[in-house]
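Whenever a hint applies, use it, and build me the whole structure from the sequences.
Number of protein chains: 4
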Amino acid sequence: MIIVMSSKATPENLEELTGVLKERGYDAHLSKGVETTIVGAVGALPSAEEKAAFMEQLETLPYVDRVVPVAKPYKLVNKQFHPEPTVIDVRGVRIGDPAKVIVMAGPCTVETPEQLHASAQAVKAAGAHILRGGAFKPSTSPYSFHGHGEAALKMLAESREEFGIPIITEVMDVRDVELVCKYADILQIGTRNMANFTLLKEVGDAKVPVMLKRGMAALYEEYLQAAEYIASRGNYEIMLCERGVRTFETYTRNTFDINAIPAWKELSHLPVIADPSHATGKASLVAPVTKAAVAAGADGVIIEVHPYPSRALKDGAQSLEPEAFARLVRELEPVAQSVGRTIR
Amino acid sequence: MIIVMSSKATPENLEELTGVLKERGYDAHLSKGVETTIVGAVGALPSAEEKAAFMEQLETLPYVDRVVPVAKPYKLVNKQFHPEPTVIDVRGVRIGDPAKVIVMAGPCTVETPEQLHASAQAVKAAGAHILRGGAFKPSTSPYSFHGHGEAALKMLAESREEFGIPIITEVMDVRDVELVCKYADILQIGTRNMANFTLLKEVGDAKVPVMLKRGMAALYEEYLQAAEYIASRGNYEIMLCERGVRTFETYTRNTFDINAIPAWKELSHLPVIADPSHATGKASLVAPVTKAAVAAGADGVIIEVHPYPSRALKDGAQSLEPEAFARLVRELEPVAQSVGRTIR
Amino acid sequence: MIIVMSSKATPENLEELTGVLKERGYDAHLSKGVETTIVGAVGALPSAEEKAAFMEQLETLPYVDRVVPVAKPYKLVNKQFHPEPTVIDVRGVRIGDPAKVIVMAGPCTVETPEQLHASAQAVKAAGAHILRGGAFKPSTSPYSFHGHGEAALKMLAESREEFGIPIITEVMDVRDVELVCKYADILQIGTRNMANFTLLKEVGDAKVPVMLKRGMAALYEEYLQAAEYIASRGNYEIMLCERGVRTFETYTRNTFDINAIPAWKELSHLPVIADPSHATGKASLVAPVTKAAVAAGADGVIIEVHPYPSRALKDGAQSLEPEAFARLVRELEPVAQSVGRTIR
Amino acid sequence: MIIVMSSKATPENLEELTGVLKERGYDAHLSKGVETTIVGAVGALPSAEEKAAFMEQLETLPYVDRVVPVAKPYKLVNKQFHPEPTVIDVRGVRIGDPAKVIVMAGPCTVETPEQLHASAQAVKAAGAHILRGGAFKPSTSPYSFHGHGEAALKMLAESREEFGIPIITEVMDVRDVELVCKYADILQIGTRNMANFTLLKEVGDAKVPVMLKRGMAALYEEYLQAAEYIASRGNYEIMLCERGVRTFETYTRNTFDINAIPAWKELSHLPVIADPSHATGKASLVAPVTKAAVAAGADGVIIEVHPYPSRALKDGAQSLEPEAFARLVRELEPVAQSVGRTIR
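Protein chains in written order, with the working numbering: chain C, 242 to 585; chain V, 242 to 585; chain Z, 242 to 585; chain D, 242 to 585.
Honestly, the hints are just simulated from the structure, not real lab data.
Errors might be hidden in some of the hints.
Any copy, or any two copies together, can satisfy a pair, since identical chains are not distinguished.
Calculated cross-link-like contacts (lysine-lysine; reagent style DSS-like; alpha-carbon spacing at most 30 Å) [to be verified]: (1) K249 <-> K423; (2) K273 <-> K442; (3) K273 <-> K423; (4) K523 <-> K273; (5) K273 <-> K320; (6) K313 <-> K273; (7) K523 <-> K341; (8) K395 <-> K442; (9) K395 <-> K313; (10) K365 <-> K423; (11) K320 <-> K249; (12) K341 <-> K316; (13) K263 <-> K523; (14) K249 <-> K365; (15) K448 <-> K273; (16) K423 <-> K395.
Here's what the structure looks like:
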């Protein structure tokens, strides 16, 4: 770490600091400048926990201006220590494969057997690899529809059997992890739960592939640490997912951070999925933003499709009709090819 | 609700829409303009859930440009239907009383019996009404310190006995709510869990006073709906808490949204607490921002105090030393008086 | 416009409001609901100015809760009134042509004749259509390099002659508009000047094509009104440009709002250019984000290229070397083709 | 500055870097760690301009991970080099005096002689020290009212004579600086022009006191550099002004950054003014936020007052009526006293 001294620091302060550092096993290297002195502190505290606390403690010293960390606060999901891309095999669908782009699609919420059946049939026919559908739904309002729970999970499993397509569904409650794992091929952690650390640990223990959505105001570094929570319990089958961040703009539901896609590929070895439905909130913008995500290097996309958006119980405004979805998949193939990949 | 028609809408579209509205029990009032037609739809769907879904469905109609809600999406915490301020009595401490300002203080995290004892003694002596201290701590890093759990809860309860001061502590996991309720006088829901709806329901069932922190990118309307989750389970003893929002500024840890204090008092009858420690992240800014919060009408403040900030395991940089805290309480009294209240 | 009455509004208030509206030439249509009454006000004030002021005045009435505008506040740049895309012809380069993607490239700042010559030669050889280069440079610090002014404009004009490539350059000062127009084929308005209304009027009078960059925290609606300023003076040759917005993320210099590209194509008929160099601030992210922008429907891109980034006087960290730029152009052609366009 | 080496840097790279640094007059101090090496570079380039460019150049080197600046990029407005607070005397009104809080008030825009006269009379009677009023008004829409220009300046000067109250008014166009200086006691630079560097230089040359509003998405460091632009031309009579920043919240017009007040007092010696009218956009929130600003240490406030807000041509919704303003000033005096100051 780097310690920038206050401009008022005295030689005695410097000596004291050097002593504190030595005591904790750090070597101090001084760079004295005209206005300030910089101390490079090199060493290795036994744990990241102690390191973080120690840095905060140093910052409270009156003669220290600030402490700048040097190492990244995540290891297991860091590309630096694991340069090869992680490929997750979900019933034969390879997510993260440099030659493939994966399409996940389906309704926001499982509403009825008919609605799910029609959705599954349509997305499978159009070329989707994985079926999405919500059984447990987070809702801003306590009075909104919260999903059919296990009944919906059973319907999803039936669609998997009928159409031969793996399923992804959200888990919100630590007490439901076991139940959802009985049915789901991929667990989804929603944006509101990105920093629900007890849930992260639980899915880390579950050893089922997880798609972790970025929190709506999460820094890359915080987000990758959330993934590290899951990895730190021994579950390395993690997909990152950009679903738009919250900004001042109100025309769209969120602002899709396209920079995140190549940035996360640079920082981590985990597959990156894009969610243009939530990132835009508008059906008319889903197709161009999906193409953009694939051109930027996304390993997959997840798209809301509903047989009758105008009767959807949730997120109708951002859902594609089956026909529009099929057209998007057709148009996406040349985009995937233009960056050396294929959807097929 | 108000439905703004697309500029391309035909008279047939309008007729169709009117039919749809009637079918669902709404009366339609048309305002035809030069460029657009507006439809005022008045009626009452049996539940807010159906209403929200219906509005989303209308927005997917090709001849509808947008749907503007008129009513606020929260009722129980809405001042309009409950004009009197809620006062919460916690072992004789009245939170929300128009004549009083409540001070909560203590360490970020309960570290050792000695540290907590010194903290409790200091904050009580300085005039604090409620002791804070973390037993379960959310941490961005999986490798950081996560609190001593029940052992810390016991220490807090001991300090309550010794110093006669009620205690507030955070609960993060739905499975811990029962345990924490055995010790705590006030449950704290942290900023990362504001939209952890399963936790909100659980503390709603618990019938123990709750301080709900605003999510770091939560709109007022979303935040008040989170409070509504708790109220909808029958627990009306809820305190709102502004702890800073995430913006582009990096000099401070967060940006304290002072507007929120009078705005929430306008929108809701719940008491409003300010957290200047997290909102600034810098001990040097805590005192002025605390005074600002009280001048703006906050019903209370919650402040991190540590006997030795430079040895704190967490949040040392934003913790006040006991002496600085005592000075702040002394200086706060005239500010409280200037707006017709008192800390004493 | 739509007027939402306060829940405390009396029938007398409603009558008064109706009178006020009639007086100003508006017809009022009432929709009385259980909780609130909505008034649809239809009419046409002679000017947008009076309309805006009138809406604000209505909002100050104690019995009015809020006023919701219905019409968009821009006309000349609004796609609704001008559905055909605008194509701007700059010395034979057609910007906005549905079959073409335009590449603008060059150094952030014109430094020396040699540097500009090497840059112009390289970007022309790689296939760029337009040469960029700063003569007047905005700088956060008063002590930074601010450009060579007219000397740089002359060098740009020489490169245009030598390589047969039109030039784009920024104008910052109203007093320089005439001078810059003598040399430039396209005037650039920088992000910090998006709401410099006196400058917008001046370039509106200049009748030279303008590329207007979005302000770093500008709403779509504000941005399109800034373009309307230029159009309102009779200059319709305007390009929109997304260059990233300011968010909480710090890994990248800005957050590229990819949603903006299809959204602006939906709202306006003006060509849309993407600036991945400023939007990312990192050379390693420029290529994937450029491809994303083209896949999302951008009509062109503007990219910083420097013969020796590590010796650049400005923005070296986000500049591509000539070789990397040439590779990007080669890789961009299949992406353009995948959405039915070409760079050639 | 501190240079963090890439984890892939070789000893040869380090040697090369040391050579580059020496060549430019820097001493390099190495701290070799397990994962990374840190280089502290100490020296003094002749100008800040060269320093900034040199740092950017270093960042482009493939073996450099990042460069961390140590010194603040502003000098003249930096408290470190000028610990005494700046006090600006405007016709006997002392702005920045630790014992006083200054109140500026008046209409957003000068509309008519009657409106200004009524406003001036009211604010003077209530105890305001300085009269505000817009002659040149920035407007998001080209079709809105843009102010009466010189006619309004004359009316302001007449009010100054009649009521013995100095005046503040905005200048937007470099070509108007001379004209506005003929009438104004304080020049206001609006939020949209904070980074209009040509205008900053012009008012820096003008040697008239300037109130510089913070840009709506400006970092403290950028803002203080904008002030440095003015100071670097020899004009040291600068007031900082927090007027709210743009965030995701839409209930209020902006989010008032109360942290900024004590933070700027910590970083700079310049007086700090608060603008609660623009920061909230709602008359009902102006009084509590004004009190908060004074409690946090603001040296003054600027408040919009209009004799008939419901007929105002601009910003009516955030303007106080004279009676409400007079009540606010009365209520503000005890708040000022609670922090050791007075309005009188």
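Do the hints match the structure? See the list:
1. In this homomeric assembly, K249 and K423 never come within 30 Å of each other (Cα to Cα): the closest approach is 62 Å inside a single copy and 44 Å across copies.
2. In this assembly of identical chains, the alpha carbons of K273 and K442 never lie at most 30 Å apart, being 45 Å within a copy and 35 Å across copies at closest.
3. Within a single copy, K273 and K423 get their C-alpha atoms no closer than 61 Å, and across copies no closer than 50 Å, so neither meets the 30 Å cut-off.
4. In this assembly of identical chains, the alpha carbons of K523 and K273 lie at most 30 Å apart only when taken from different copies (26 Å versus 56 Å within one copy).
5. Taking the shortest alpha-carbon separations for K273 and K320, only the inter-copy value of 22 Å comes in at or below 30 Å, while the best intra-copy value is 35 Å.
6. In this homomeric assembly, K313 and K273 come within 30 Å of each other (Cα to Cα) both inside a single copy, at 26 Å, and across copies, at 16 Å.
7. In this homomeric assembly, K523 and K341 come within 30 Å of each other (Cα to Cα) both inside a single copy, at 27 Å, and across copies, at 26 Å.
8. Taking the shortest alpha-carbon separations for K395 and K442, both the intra-copy value of 25 Å and the inter-copy value of 25 Å come in at or below 30 Å.
9. Taking the closest pair of Cα atoms, K395 and K313 never come within 30 Å of each other, the shortest separation being 42 Å inside a single copy and 36 Å across copies.
10. In this assembly of identical chains, K365 and K423 lie within 30 Å of each other by CA distance solely inside one copy; the values are 22 Å within and 51 Å between copies.
11. In this assembly of identical chains, the alpha carbons of K320 and K249 lie at most 30 Å apart only when taken from different copies (13 Å versus 40 Å within one copy).
12. In this assembly of identical chains, the alpha carbons of K341 and K316 lie at most 30 Å apart only when taken from the same copy (26 Å versus 44 Å across copies).
13. For a Cα distance limit of 30 Å, the shortest separation of K263 from K523 across copies, 27 Å, qualifies, whereas the shortest one inside one copy, 57 Å, does not.
14. Neither within a single protomer nor between protomers do K249 and K365 lie at most 30 Å apart by alpha-carbon distance, with minima of 68 Å and 34 Å respectively.
15. For the homomeric pair K448 and K273, neither the shortest alpha-carbon distance inside one copy (51 Å) nor that between copies (38 Å) is at most 30 Å.
16. For the homomeric pair K423 and K395, the shortest alpha-carbon distance inside one copy (10 Å) is at most 30 Å, but the shortest distance between copies (38 Å) is not.
Comparing the model with each earlier hint shows violations of hints 1, 2, 3, 9, 14 and 15; every other hint is respected.
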